[in-house]
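The listed protein sequences correspond, in order, to chains A, B, C, D and E. The C-terminal residue of the first sequence carries number 412 in this note's numbering, and the numbering is unbroken. The C-terminal residue of the second sequence carries number 265 in this note's numbering, and the numbering is unbroken. The C-terminal residue of the third sequence carries number 276 in this note's numbering, and the numbering is unbroken. The C-terminal residue of the fourth sequence carries number 358 in this note's numbering, and the numbering is unbroken. The C-terminal residue of the fifth sequence carries number 358 in this note's numbering, and the numbering is unbroken.
Note that these hints are calculated values from the structure, not bench results. For glycine and all other residues, C-beta sits at the position ideal for the given N, C-alpha and C. Certain hints may be false.
[As the list claims (entries may be wrong)] For lysine-lysine, the following DSS-like pairs were computed, each having C-alpha atoms within a straight-line distance of at most 30 Å: (1) B:28 to D:129; (2) B:28 to C:147; (3) A:149 to E:46; (4) C:248 to B:251; (5) C:147 to C:198; (6) C:263 to B:74; (7) D:129 to C:65; (8) C:73 to D:348; (9) B:74 to B:39; (10) B:251 to C:263; (11) C:239 to C:201.
[Stated by the list, open to error] Some chain A residues well away from chain D (every beta-carbon gap over 10 Å; in silico): (12) 241; (13) 277; (14) 376.
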Amino acid sequence: PVQAEDSIFVPMLTYRTGPFAGSGTPIMDGMHDYFTMLNERDGGIGGVMLEIEECETAYNAQKGVECYESVKDRDPVVINPYSTGITLQLIPKAPVDEIPILSMGYGLSATAVGESFPWTFNAPSTYWSQMSGIIRYIEAQGDGIAGQKIGFIYLDVGYGREPIPLLDELASEMGFEVVKIPVGVKDMQNQSSHWLQVRRERPDWMIMWGWGAMNPTAIKEAAKINYPMDHFIGVWWSGGNVDVTPAGEGAVGYLSANFHGTGTDFPAIQDIITHVVEAGKSLADPDTVGDNFYNRGVANAVATAEAIRTAQQVTGVSVVTGVEMREGLENLNITAERLTEIGLEGFMNPMQITCEDHAGAHPIYIQQWDGENWNRVSDWIEPMSDRVRPMLEAAAEAYLADKPEWQTQTCN
Amino acid sequence: MNVAAKDIAKGQNILEIDGISLSFGGVKAIRDVSFDVKKGEIRAIIGPNGAGKTSMLNVINGFYHPQEGTINYKGAKRHDMRPYVAATQGIARTFQNVALFAGMSTLDNIMSGRMLKMKVSLPWHFIRFGPAEREELEHRERVEHIIDFLEIQAIRRTPVGRLPYGLQKRVELGRALAMEPELLLLDEPMAGMNLEEKEDMSRYILDVNDQFGTTIALIEHDMGVVMDLSDRVLVLDYGEKIADGTPDEIKNNQNVIDAYLGVAH
Amino acid sequence: MSGNGVDTTEDLILSVNNIEVIYNHVILVLRGVSLEVPKGKIVAILGANGAGKTTTLKAISNLLKAERGEVTKGTIEFEGTRVDTMSANQLVERGCIQVMEGRHCFEHLSVEENLQTGAFTRRDGRAAIAQDLEMVYDYFPRLRERKSSLAGYISGGEQQMTAIGRALMSRPKMILLDEPSMGLAPQLVEEIFEIVTKLNKQENVSFLLAEQNTNMALKYADYGYVLESGRVVLDGEAKALRNNEDIKEFYLGIAGGDKRSFKDTKHYKRRKRWLA
Amino acid sequence: MFYREAGQFKTNYRTDQAVFPIFQDKIGVLVILAFLFLVVPFWFNDFWLNSIMIPTLIFSLAAIGLNLLLGYAGQISLGTGGFMGVGAYSCYKLTTIFPDINILVHILLSGFFAAIVGILFGIPSLRIKGFYLAIATLASQFFLEWSFGRIGWLYNYNPSGAIEVSTKRMFGIAITGPHATSLTRYLIVLSIVVVLTWVASNLVRGRIGRAWMAVRDMDIAAELIGIRLLQAKLTAFAISSYFAGVAGALMVFMWLGAAEVESFDINHSFLILFMVVIGGTGSLIGSFMGAAFIWVLPIFLRAAPRVLGVDISAATVEHFNFMIVGGLIIFFLIVEPNGIARLWQIGKEKLRRWPFPY
Amino acid sequence: MSDTTLKSDGGSSMSQTQRNWLITVLILAAAVAGSFVAGSDSLLYKVFVGPFVEMYEVPDLFVQVLWEGLVAGTLYALVALGFVLIFKASGVFNFAQGIMVVFGGLSLVGFYAAGVPAFLSLALSVAMMYGLAWTVERVVLRPLVNQDPLILFMATIGLTYFLIGFGEFIFGGEPKTMITQEIGLPSGSYDFDWFGGFVSFQKLDIAAAVIAAIMVGCLAVFFNKTRIGRALRAVADDHQAALSVGITLRQIWVIVWFAAGIVALTTGIMWGARSDVSFALQVIALKALPVIILGGLTSIPGAIVGGLIIGVAEKTAEFYWGPLVGGSIESWIPYFIALGFLWFRPQGLFGEKIIDRI
Ligand SMILES: Nc1ncnc2c1ncn2[C@@H]1O[C@H](COP(=O)(O)OP(=O)(O)OP(=O)(O)O)[C@@H](O)[C@H]1O
Ligand SMILES: Nc1ncnc2c1ncn2[C@@H]1O[C@H](COP(=O)(O)OP(=O)(O)OP(=O)(O)O)[C@@H](O)[C@H]1O
Ligand SMILES: [Mg+2]
Ligand SMILES: [Mg+2]
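Chain A with its partners taken away, still in its complex shape (with noise of 0.2 Å):
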């Protein structure tokens, strides 16, 4: 790694090892690759190299924290912990060590509430935001939503049951009934009774939050049973290139949220295949470049790097470190004009982060697999916001009860 003592530590915490190395690796390849261009290209950012160093933690808690204990003393200037585990034993530290931490699109839904959370942020979107999105796209399809019958397959830790509560609510609201289908860590791969259930009980929409091999094993076994694809979504994290090639054609239909572009038709994409896959400095096999998650890395180190950027002209500095960071994050404005001029017009939604709102209210759409590729099928999608906000307030206060010397701010 590049030593210097003008640059920004940029620390990734990655698992390309373990059970989930399959969902991981494109991610962090896409993450490390946008990062390694910005120095290739433009020399860093704002003139100052960035330092990246990955840590494994082959999604392991306690290998997280301890990765993170090994960088925090070098002034990371933000923290990506890329595993709900490992966020929430962060969330406590972050204040002490003034160390933000990003989040993005998983950890702790509550922490979206920027009053309460002033040093996490989890754009462009909580997973309850997305629950919301995702039950909008239903409803807007042919027989609404009313009377259905929603079945909820998750991955049996805190990141599958995360949106349970949503759910209850909105059913009892919307009138839907909800099946909730928990799936072991240990069986991941091992799911046929549980989609026996799911024959069963006929759901008419099946929505996944899994990650990692029970991905596929669950595609597969949903194409066992004749459950119509396209009735099938999948939370963004199952979305992957790997989770729908190896059930072959019984994947086609398939359906997933998204928040960004997929493919290499982006100006930016193309300087990564230029100045890093090329040059041989990627970790990445090239025919994985632009698949879903590696695309998922890059929107993350995009908004990693914008919001350095929004640091450095806010606060002054240019070689920022986490105090910055904050600022920079709670200024992040990455509008449509600013994401053209990046390279990556039309990649995702204009992403706006507030000191209110860690997370912001920002759209999905939902993609389709087709055999080889994925297309985007709805528009964007908001969030029902409304619904939301205030149960994000709600478990941020409860968050909060037992924590009296919890660091809060105000914003105006």
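Mind docking chains B, C, D and E with the ligands on chain A? Use the hints.
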């Protein structure tokens, strides 16, 4: 206890075995055997291999439960029970295939024989100071006597798994003695010893019997030892009792000579 | 090793030269043991508990490694070739097998299967093996009765017979017997030694036996070694040893021509130590 | 030359039974304690305290717990992770139910809940032995894992399913939560571990320990000399689980600050088992050595390339890490199956004989 | 414990086992009666009656559940078989079986990806498993002969770590798709319209069952009818004694590890075809553990029968009872089922007797 006292005590039976039968599946290990053991005597049990001697000891200390027959111990009829109950009633035992606690030192092995006599409850052991330590030291002293008695001071701290066979047998005797039993069952205590060691062992057995008045039932294949030490001898063959009497009677019993002793004796 | 009665021109089947054995890297057990077994002879090792008899035998049959012991010095030759680097299996194939102290039967195999494993290295066909099985059963009729019982359940003496029978099944040229008489009824002890002599005479099998029953051992052996604290302290023709005063006193229990009674032995008696 | 017991005569059994009969050992322990209490706090930075010292101590405690069960009582358990979880979750519940009671009391109490669960799942050991028992203990591991995720009451229905530690103070100093400095937490952990280790060493040297070892070495014989197997095994399970429970509570409250079910999964059980076996079954010092080895080695391995300036990716480092740790485990087992503690002992024995080789 | 090995005949009163059975039956009867009294909304009804009513009313699903259970059972049995082979032949509880499954699958896919034709890849993978067996014998087992089973168990965990690192280093951590068609495995399914619904049998699953049956048959013959087979069992009982009668431990270990490697490769192919080949797959080793204790650690038929029992019981339980408690009980239910069996037979259904003799 002096010799006269021993003779008086001999009148009472400490153990009465009546009509015991024991079988495993098709194998009849013991068939309708009855005998008694008098207080303070040394009672030998002999017989060819597989005659049911060890099984008999197992019956006496509750490890095997006979299908038929009754056992009277210290005047009371005994029911089937877990073996540790026998230990609480004062029956101690050594084993044919040494059954020491291989990972523990000699000292600890013998100390473990005092387990039943130690009463201080668990919480005291957490801090050790006070009652637990006092009790420990008290028993340690008794154990040291046994160690002296058996002349195994030198191996006090050696894990017994590393000891040669003969010494292991001696430690095992020590462990049994530490239980201060009323009835001591010895299963081939002298197997694998040379003459000198057998002489020592005999001495210990006689001394235990003599000094503590412990009743002893022993199985042994060395006829010299059996004839010299025991007061009465029970002979088993194929699970049946074929003779019972003083060493001299046994020596000349034709059945015993045929089944067990062979011509030479 | 010469000048003590062994005819050096005679063929040696086994010779152990000055071996040293250490357990666990720190416990020195044998401090230079040398002994020889001429072809077709019976040699006995005598010695108190812990003298190192078992260790010597295990060193020869290469079983020490399994106990974290190793031969650090000296050589062992079987029929003129060095065997101390061989595996136990090669040694058995060459015809040298050990009967281990403390039985070591395969508990979960039946008696008959135990005996059959003894023939593992044999290549001379089922018929020959079956014949030898009969031979073992003839030696030990008790085993025939219990042949289908699991070896773990049979009595101590029966296990001992199984262990000996198992070794015989390999048709060895040489048998290392560790305390064969332990736990056997007197009649059987004699039978065992009869079997030993028979094999020795008829099939020219050589024996090295560690035995506590000195009386028996010296009666049947040709030659004897006395081991003490890992060293050979005395050796000689069995006959000569039998007449050695010290052996008489301490190993045979004959004081002034009469057998002592165990009842009369005194505590704290003087012990003979050659290495005082 | 310097390490001799010659000349140190014991005049009564009491001194003979002391924990460290050899004078030099006693000094050694004092030096180590002094180092841990007086030197470490001043010399070690946050990373060392947080990522090395605290976890190592906590894992040592858990390893001691398992060692009592496995090394002393001979019952293989693969459920340590679950028992640690019971400790952690009950401590969490205690703090929310009785927020005003000192957290240290909660931590020490939480072990009792683990002990109760340990006893329940120890019952099969009465009939089942060896690997059958080991696998049966997995029943407790998986059942507990499942319960931690399913019973909302345990984590106060927190939507994330995790338990989080709030700041608690003692004498005005934060001792848990993000505000507690690593130094405070280190000293607390150290004190608890030292005290409990002392308790463990008392136990194993006395009647209880002997009963356990007897059961371990030959349970039939143990029963025949009057040891109640039921009692001995269940106390072993209870006390072992108590240690594991306290370690679990410490792990969450003094180290991680938050935990979810996965923190107590089966891998965790294996980790502790490794520590015990590599350190040396049946040795308390071994538990410390094993914990240090298994926990610290990968950290060093991970840091090594950066320190040495070698440029390889984090993933590759992790691969090598696995290979090296796996390889070293095998290597250690081959060199000394009885663990590092035995190596240590042999070393000492050699020292005692020095300059003679044996 | 003695009463299990004893009391085989005689005894006028009811035995312990009979009494246990009677009590169990009575309790069940009471529960069923109670549920009818309490009505169909009561929990009792949902537990004791509801599921059976459903089985009767929706038979196609019930048949499908049974079939899925049998299929899963066959696959568990394959993993279990690997464990049993090695345990039976050497007394080693080989924890690395799970990673060997992954390794087998990965090497096949890996060779194919490198451009080797499918069947040649298969052959190379077999060769690779042989290489693994040889290396393991040379590096791990040989130096550890006659060690405590626990030590050997630990060594295999060390081996697991090593293989994880090594495998990920070579093949990369991301999942791969199994080359099902290329090596001639069928795909698709036979669907039947039965009982007013449909039942579907995957051809792949049928193939798995057939292959498993063939393998078990061969292994059973090998173990029971051959000289080597007997020697293998001897080794498991007593390494030293086995050495002493001239059994070639080395050769035997290579043979069984190779056999276990083949079983692992087969398992890897079959499981890989069902989902994909990834390192997450090694957790199925954990699924096989209850199977082997239920069937008995040393019994080949036990692995099969145990596998089928566990498979069917687990799927039925998850399907019919799981939803009552929030699902995902598959993670622990098999262990409790196995524990239930062990309570009656501590050595598993077909395991070798535990010899308690003194
Ligand atoms: N638990 C058991 N299961 C099956 N058979 C047994 C069991 N215990 C003993 N036997 C059988 O009962 C018979 C008597 O055995 P026992 O051990 O009592 O003989 P012994 O007289 O002590 O012989 P030895 O002198 O050889 O030790 C033997 O044939 C043995 O195989
Ligand atoms: N595995 C081992 N580890 C350490 N020391 C051992 C080991 N095996 C034997 N020893 C030691 O080696 C010495 C010799 O033991 P060995 O078993 O050879 O004696 P032996 O002459 O056969 O005695 P016995 O007549 O009692 O069988 C003993 O002091 C014993 O403590
Ligand atoms: Mg006997
Ligand atoms: Mg010996």
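Evaluated hints:
1. For the hint linking residue 28 (chain B) to residue 129 (chain D), the alpha-carbon distance of about 29 Å falls within 30 Å, and the restraint holds.
2. Pair hint residue 28 (chain B) plus residue 147 (chain C) holds up; C-alpha atoms about 15 Å apart against a cutoff of 30 Å.
3. For the proposed pair residue 149 (chain A) and residue 46 (chain E), the alpha carbon gap of about 22 Å is at most 30 Å, so the pair holds.
4. For the given pair, residue 248 (chain C) sits about 25 Å from residue 251 (chain B) by alpha-carbon distance, which is consistent with the 30 Å threshold.
5. The hinted pair formed by residue 147 (chain C) and residue 198 (chain C) meets the criterion: a straight-line CA distance of about 24 Å does not exceed 30 Å.
6. Restraint check: the Cα-Cα separation between residue 263 (chain C) and residue 74 (chain B) comes to about 28 Å, which is no more than 30 Å; the hinted pair holds.
7. Distance restraint check for residue 129 (chain D) and residue 65 (chain C): the Cα-Cα separation of roughly 28 Å lies within the 30 Å cut-off, and the hinted pair is therefore satisfied.
8. As the CA atoms of residue 73 (chain C) and residue 348 (chain D) are separated by approximately 24 Å, the hinted pair is consistent with the 30 Å bound.
9. Among the hinted pairs, residue 74 (chain B) with residue 39 (chain B) is consistent with the structure: their alpha-carbon atoms are about 9 Å apart, no more than 30 Å.
10. Pair hint residue 251 (chain B) plus residue 263 (chain C) holds up; C-alpha atoms about 17 Å apart against a cutoff of 30 Å.
11. Restraint check for residue 239 (chain C) and residue 201 (chain C): satisfied, since their Cα atoms lie roughly 18 Å apart, inside the 30 Å limit.
12. No Cβ of chain D approaches the Cβ of residue 241 (chain A) within 10 Å, the least distance being about 19 Å, so the stated non-interface status holds.
13. Every C-beta of chain D lies more than 10 Å from that of residue 277 (chain A), the closest at about 15 Å, which supports listing it as non-interface.
14. Residue placement check: residue 376 (chain A) keeps its beta carbon more than 10 Å from all beta carbons of chain D (closest about 30 Å).
Every hint, counting from the list given before, is met by this structure.
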